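Trainee: Each chain, letter by letter, is given below.
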Amino acid sequence: MTQTKQQLTFEEYLSYDDGTDTHYEWVHGELYAMTPASWGHESIVAFLFVQLYLEIQRQGLAWQVRQNGVGVRTIQQRVRLPDLCVFEEQLSMAKREAAILTTPPLLAVEIVSPESVRRDYRTKRSEYATFEIPEYWIVDPLAQKVSILQLEEGFYDVREFTGQEQIISPMFTKLTLTADQILQGV
Amino acid sequence: MTQTKQQLTFEEYLSYDDGTDVRYELVDGELYAMTPAMGKHGTIAVFLLIQLYLEIQRRSLDWQVRLNDVGMRTAERRVRIPDLCVMTLEQAQAIENVAAILITPPLLIAEIISPESVRRDYRTKRTEYAALAIPEYWIVDPLEQKISILQLEEGFYDVCEFTGQERIVSPTFTELTLTADQILRGV
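Protein chains in written order, with this note's numbering: chain A, 1 to 186; chain B, 1 to 187.
In short, the hints are calculated from the structure, not lab data. Bear in mind the structure is a predicted one, so any value in this text is a computation, not a measurement. Be careful, since some hints might not be right.
[Claimed, not checked] No farther apart than 25 Å at their CA atoms in a straight line, the calculated lysine to any residue pairs in the SDA-like style are these:
no., chain 1, residue 1, chain 2, residue 2
1, B, K146, B, G186
2, A, K145, A, Y16
3, A, K145, A, V50
4, A, K145, A, V158
5, B, K146, A, G154
6, B, K146, B, R66
7, A, K145, B, E153
8, A, K145, A, Q166
9, B, K146, A, V158
10, A, K145, B, V159
11, B, K146, A, E152
12, A, K174, A, L106
13, A, K145, B, G155
14, A, K145, B, K146
15, B, K40, B, Q165
16, B, K146, A, E153
17, A, K145, B, E154
18, B, K146, B, T9
19, B, K146, A, D157
20, A, K174, A, R122
Work out the full structure, taking the sequences as your base and the hints as a guide.
Mentor: Printed below as a string of structure tokens:
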């Protein structure tokens, strides 16, 4: 993630196009480019995307899972782009409008990269809780653990899963995945 | 704190007046009345106000300490009113002739726990004040007889707890010499 010094309003951010396909987060008026992550990162994202998609299908839920393209306006001056997010299908989502959620998604997932450790565990923990996202997963291939954070009166409680432990998700109660499966992305 | 069911926008909240002198927080469009707290609450608030006021004077800092009249806009339709807040003179001047609602983070916020605010002060406000990037947050807890000083580190608060005769350690007020007991007794 690299940062530009240009100051943009929310409306300018929405229509921003620098001719590249780069996605940007928007923090206090500044753009933070989401630079390509590692192959390991991408394989975890792809694996989780498929697993969550299949689980939503299996249960016949009116939910959608999206990869890295949906923005979350966590507080006034910030838009974050979680690696994965799950939200309820809403009729109000006009096809031509910017894909930015103004109501909380059901689940946000971040895969930790070396440069995002403190941002994922600390800053986004506060922002996602302020935005009242009920569940937040932090998948950490560096520390080889999966943290599942559950919102309880405005603050996330954390449960960590490692190795062959099966993760417990209050949102996806019937999902049977171990921490290792997710961390290996297979 | 009691809740009304009326839905207000931020702008409506700013000009809201129901003829009483009740202060309200705004939480997702709803009004939460700040009802009078127990007497102990006020004793501690006044004690802290005076201690921080004197410390600011002593060090000739360009800061101001305020009791219970400055709002923080923590989200689109949310305004919190902390028990005590320390801000820069510049921030104080910016709100002099408009509604006293800060959009930039103050230096320090303190909340004094009442029985009904325990989870709100330790959980919800911990999250909201961190997201607003307020560098220091004190939770004074007369029920558990402890003081928690939360310091912001990359968007999330680390907590240090102080009890009894321990001297509190504040990164904002480094030279302050107060014990947990002094604050909890309010003398």
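Trainee: If a hint holds in the structure, say so; if it doesn't, say that too.
Mentor: Here is what the structure says about each hint:
Of the pairs offered as hints, the one joining K146 of chain B and G186 of chain B holds, with about 13 Å between alpha carbons and a cut-off of 25 Å not exceeded. At most 25 Å may separate the alpha-carbon atoms for a hinted pair to count; K145 of chain A and Y16 of chain A exceed this at roughly 36 Å. About 20 Å separates the Cα atoms of K145 of chain A and V50 of chain A, which keeps this hinted pair within 25 Å; it holds. In summary, the hint linking K145 of chain A to V158 of chain A is supported, as the alpha carbons are separated by about 12 Å, within the 25 Å threshold.
Our distance criterion of 25 Å between C-alpha atoms is met by K146 of chain B and G154 of chain A, whose separation comes to about 22 Å. Proposed proximity of K146 of chain B and R66 of chain B is supported: the alpha carbons are some 22 Å apart, at most 25 Å. Proximity of K145 of chain A to E153 of chain B is assessed by CA-CA distance (about 22 Å); at most 25 Å being required, the pair is judged to hold. For a cut-off of 25 Å, the pair hint linking K145 of chain A to Q166 of chain A stands: about 12 Å separates their Cα positions.
Note on K146 of chain B and V158 of chain A: the hinted pairing holds, with a Cα-Cα distance of about 24 Å set against a maximum of 25 Å. A threshold of 25 Å between alpha carbons decides the hint, and for K145 of chain A with V159 of chain B the separation of about 24 Å falls inside it, so the pair holds. The straight-line distance between the Cα atoms of K146 of chain B and E152 of chain A is roughly 23 Å, inside the 25 Å bound, and the hint therefore holds. Distance hint between K174 of chain A and L106 of chain A is fulfilled; the C-alpha atoms sit about 16 Å from each other, no more than 25 Å.
Of the pairs offered as hints, the one joining K145 of chain A and G155 of chain B holds, with about 22 Å between alpha carbons and a cut-off of 25 Å not exceeded. With a CA separation close to 33 Å, the supplied pair K145 of chain A and K146 of chain B exceeds the 25 Å bound. Restraint check: the Cα-Cα separation between K40 of chain B and Q165 of chain B comes to about 19 Å, which is no more than 25 Å; the hinted pair holds. Taking the CA atoms of K146 of chain B and E153 of chain A, the gap is about 21 Å. The hint holds against a cut of 25 Å.
Restraint check for K145 of chain A and E154 of chain B: satisfied, since their Cα atoms lie roughly 21 Å apart, inside the 25 Å limit. For a cut-off of 25 Å, the pair hint linking K146 of chain B to T9 of chain B is broken: about 37 Å separates their Cα positions. Under the criterion of a C-alpha separation no larger than 25 Å, the hint pairing K146 of chain B with D157 of chain A is consistent with the structure, at around 22 Å. Note on K174 of chain A and R122 of chain A: the hinted pairing is violated, with a Cα-Cα distance of about 28 Å set against a maximum of 25 Å.
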